[in-house]
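Take a look at the letters that make up each chain.
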Amino acid sequence: MHELSLAQSLIEQILALAMEHEAGRVNRVVVTLGPFSGVVRDSFEFGFNILKKDHEKVGDAVLELETPDPEYVCLDCKKVAVIPFPKQSERLELARCGLAAKKCPWCGSNRLSPKGGTELILNQLEME
Amino acid sequence: MCDTCGCQLHEHHQHDHKVVEVNRSLLEANRKQADSNRHHIEHMGAVAINLISSPGSGKTTLLERTIEALRDTVKIGVIEGDIETERDADRIRAKGVPAVQLTTGGACHLDAPMVHGGLHVLEHFAKGGKYDLIFIENVGNLVCPATFDLGEHQRVVLLSTPEGSDKPAKYPATFKSANLVLLTKTDLLPHFDFSVEEATRESLVLNPELQVMALSATSGEGFDAWIGYLKNLLATASHR
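Each protein sequence line maps, in turn, to chains A and B.
Heads up, the first sequence is in our numbering, so the first residue is 747 and it goes up one at a time.
Heads up, the second sequence is in our numbering, so the first residue is 1203 and it goes up one at a time.
To be clear, the hints were calculated from the coordinates, so they are not data collected in a lab.
For every residue, glycine included, the Cβ atom is placed at its ideal position computed from N, Cα and C.
Don't take each hint at face value.
[Said to hold, decoys possible] List of simulated lysine-lysine pairs, DSS-like, C-alpha gap at most 30 angstroms:
#, chain 1, residue 1, chain 2, residue 2
1, A, Lys824, A, Lys848
2, A, Lys824, A, Lys849
3, A, Lys848, B, Lys1433
4, B, Lys1433, B, Lys1234
5, A, Lys861, B, Lys1277
6, B, Lys1332, B, Lys1433
7, B, Lys1329, B, Lys1277
8, A, Lys803, B, Lys1372
9, A, Lys848, A, Lys861
10, A, Lys848, A, Lys825
11, B, Lys1220, B, Lys1234
12, B, Lys1372, A, Lys849
13, A, Lys849, A, Lys833
14, A, Lys861, B, Lys1220
15, A, Lys803, B, Lys1329
16, B, Lys1372, A, Lys833
17, B, Lys1220, A, Lys799
18, A, Lys799, B, Lys1332
19, B, Lys1372, A, Lys824
20, B, Lys1372, A, Lys825
21, B, Lys1297, B, Lys1234
22, B, Lys1277, B, Lys1234
23, A, Lys803, A, Lys825
24, B, Lys1332, B, Lys1277
25, A, Lys849, A, Lys825
[Claimed, not checked] FRET-style restraints, in silico, Cβ to Cβ:
#, chain 1, residue 1, chain 2, residue 2, range
26, A, Lys861, B, Arg1233, 17 to 23 angstroms
27, B, Glu1400, A, Trp852, 35 to 41 angstroms
28, A, Leu840, B, Ser1227, 30 to 36 angstroms
29, B, Lys1433, A, Glu810, 48 to 54 angstroms
30, A, Leu840, B, Gly1307, 37 to 43 angstroms
31, B, His1245, A, Asn773, 40 to 46 angstroms
32, A, Arg837, B, Glu1423, 37 to 43 angstroms
33, B, Glu1411, A, Ala847, 19 to 25 angstroms
34, B, Ala1437, A, Met747, 37 to 43 angstroms
[To be verified] A short list of chain A residues far from chain B (calculated; beta carbon distances all over 10 angstroms):
#, residue
35, Leu763
36, Gly854
37, Arg857
38, Glu865
39, Gln870
40, Glu874
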């Protein structure tokens, strides 16, 4: 539920930047949500699209969210692996085959420690 | 010249789009306030601990027992975060320790600006005196508080026996961000299917540097290790 506070601070940041660049309107906002940032993408988008209506300058801004795939370090073989989160539709299938647990693709260990991925970054603004 | 179409005419400039690379964290404002809080807390002479857990894991009871164990030798202040009521602050005050209640009025976590306000009230209570240890008891929630640095020196996450030992794996962001995980209510272990080994192992997969301790504030089992951890923290804090 903290997505709403984060969307609010994003809008404040955008308004400050628009003023700094003497822009009248913000058209596009590009944000990176790290896979381990603890932010739910849909809730964040939902919050942003409601809150933006309070401000003329960002009222029509389109939010583009980039969500990089999660990276893990294997605590046994120390190698790094990128393992995308399974899609909702794939989860049931994986669970049915008993393959729900992530495994290191190099050595098969299940001791995979999340690597980085906690970032929440405002990357780019398109203004006019 | 116009960036969009390359024209030289001023009349064309209504489509003067501008792309700015920003590359700044959404949490920048919170981080700045958190850094300032840390500085403030150090100026007060204290070490601060952010306590995070689900509602009902025993944060306030842990604080009550900790105050009883340390109040003669350590000057403690407490900031309580809750959605509503002064109940937790009242419990702490009953132990003779200054407590500030922050009620978020619905928000699911504390953030650095709220804690900033709380620090000023604690300072006022001390009437110019210093603190050794400040506890910030976050709103009971195992998800949202993890994202917000409050200016603490150590983050302690509690996991109680009835919640189940699968919680580190299910709430990785929170457990990964901790310095210490406290497995609480161990006096209930005979009644629940909780594996201390599983909770410890899965916490350490998320963050191999993490410390994990098990205790019961009711029976006192394991409590000495927690008090030892706090005393060591106070003895080794570089700013004190």
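The hints, checked one at a time:
Between Lys824/A and Lys848/A the CA atoms are separated by roughly 15 angstroms; this keeps the pair inside 30 angstroms, and the hint holds. A C-alpha spacing of about 13 angstroms is found between Lys824/A and Lys849/A, which places the hinted pair at or below 30 angstroms, so the restraint holds. For the suggested pair Lys848/A and Lys1433/B, the alpha carbons sit about 39 angstroms apart, so the restraint of at most 30 angstroms is broken. Between Lys1433/B and Lys1234/B the CA atoms are separated by roughly 29 angstroms; this keeps the pair inside 30 angstroms, and the hint holds.
A hinted pair counts as satisfied when its Cα atoms are at most 30 angstroms apart, and Lys861/A with Lys1277/B does not qualify at roughly 38 angstroms. At most 30 angstroms may separate the alpha-carbon atoms for a hinted pair to count; Lys1332/B and Lys1433/B meet this at roughly 17 angstroms. Of the pairs offered as hints, the one joining Lys1329/B and Lys1277/B holds, with about 13 angstroms between alpha carbons and a cut-off of 30 angstroms not exceeded. A hinted pair counts as satisfied when its Cα atoms are at most 30 angstroms apart, and Lys803/A with Lys1372/B does not qualify at roughly 39 angstroms.
Restraint check for Lys848/A and Lys861/A: satisfied, since their Cα atoms lie roughly 14 angstroms apart, inside the 30 angstroms limit. At most 30 angstroms may separate the alpha-carbon atoms for a hinted pair to count; Lys848/A and Lys825/A meet this at roughly 14 angstroms. About 28 angstroms separates the Cα atoms of Lys1220/B and Lys1234/B, which keeps this hinted pair within 30 angstroms; it holds. For the given pair, Lys1372/B sits about 16 angstroms from Lys849/A by alpha-carbon distance, which is consistent with the 30 angstroms threshold.
The suggested pairing of Lys849/A with Lys833/A holds, with an alpha-carbon distance near 17 angstroms, which does not exceed 30 angstroms. Distance check on the hinted pair: Lys861/A and Lys1220/B sit about 34 angstroms apart at the alpha-carbon level, beyond 30 angstroms; violated. As the CA atoms of Lys803/A and Lys1329/B are separated by approximately 47 angstroms, the hinted pair breaks the 30 angstroms bound. About 17 angstroms separates the Cα atoms of Lys1372/B and Lys833/A, which keeps this hinted pair within 30 angstroms; it holds.
Only pairs whose Cα atoms come within 30 angstroms are accepted, and Lys1220/B paired with Lys799/A is accepted, the gap being roughly 22 angstroms. Distance hint between Lys799/A and Lys1332/B is unfulfilled; the C-alpha atoms sit about 46 angstroms from each other, more than 30 angstroms. Taking the CA atoms of Lys1372/B and Lys824/A, the gap is near 23 angstroms; set against the 30 angstroms cutoff, the hint holds. Taking the CA atoms of Lys1372/B and Lys825/A, the gap is near 23 angstroms; set against the 30 angstroms cutoff, the hint holds.
At most 30 angstroms may separate the alpha-carbon atoms for a hinted pair to count; Lys1297/B and Lys1234/B exceed this at roughly 33 angstroms. The hinted pair formed by Lys1277/B and Lys1234/B meets the criterion: a straight-line CA distance of about 27 angstroms does not exceed 30 angstroms. For the suggested pair Lys803/A and Lys825/A, the alpha carbons sit about 46 angstroms apart, so the restraint of at most 30 angstroms is broken. Restraint check for Lys1332/B and Lys1277/B: satisfied, since their Cα atoms lie roughly 8 angstroms apart, inside the 30 angstroms limit.
Proximity of Lys849/A to Lys825/A is assessed by CA-CA distance (about 12 angstroms); at most 30 angstroms being required, the pair is judged to hold. The given range of 17 to 23 angstroms is respected by Lys861/A and Arg1233/B, whose C-beta atoms sit roughly 21 angstroms from each other. Take Glu1400/B and Trp852/A: their Cβ atoms lie about 25 angstroms apart, and the range 35 to 41 angstroms is violated. At roughly 33 angstroms, the beta-carbon separation of Leu840/A and Ser1227/B lies within the given 30 to 36 angstroms, and the hint holds.
As the Cβ distance of Lys1433/B to Glu810/A is approximately 50 angstroms, the hint placing it in 48 to 54 angstroms holds. Checked against the given bound of 37 to 43 angstroms, the beta carbons of Leu840/A and Gly1307/B, roughly 41 angstroms apart, stay inside it. Between His1245/B and Asn773/A the beta carbons are some 44 angstroms apart, a value that agrees with the proposed interval 40 to 46 angstroms. Range check, Arg837/A to Glu1423/B: Cβ separation about 39 angstroms, and the 37 to 43 angstroms hint holds.
For Glu1411/B and Ala847/A, the Cβ-Cβ distance of about 23 angstroms falls inside the hinted range of 19 to 25 angstroms, so the restraint holds. Between Ala1437/B and Met747/A the C-beta distance comes to about 39 angstroms, which sits within the given range of 37 to 43 angstroms. With a closest Cβ-Cβ approach of about 7 angstroms to chain B, Leu763/A is found to fall inside the 10 angstroms limit, against its non-interface label. No Cβ of chain B approaches the Cβ of Gly854/A within 10 angstroms, the least distance being about 15 angstroms, so the stated non-interface status holds.
With a least beta-carbon separation of about 5 angstroms from chain B, Arg857/A fails to lie farther than 10 angstroms from that chain, contradicting its non-interface assignment. Look at Glu865/A: its CB is around 7 angstroms from the nearest CB on chain B, not clear of 10 angstroms, so calling it non-interface is violated. Residue placement check: Gln870/A does not keep its beta carbon more than 10 angstroms from all beta carbons of chain B (closest about 6 angstroms). With a least CB separation of 5 angstroms from chain B, Glu874/A falls inside the 10 angstroms interface cut-off, contrary to its annotation.
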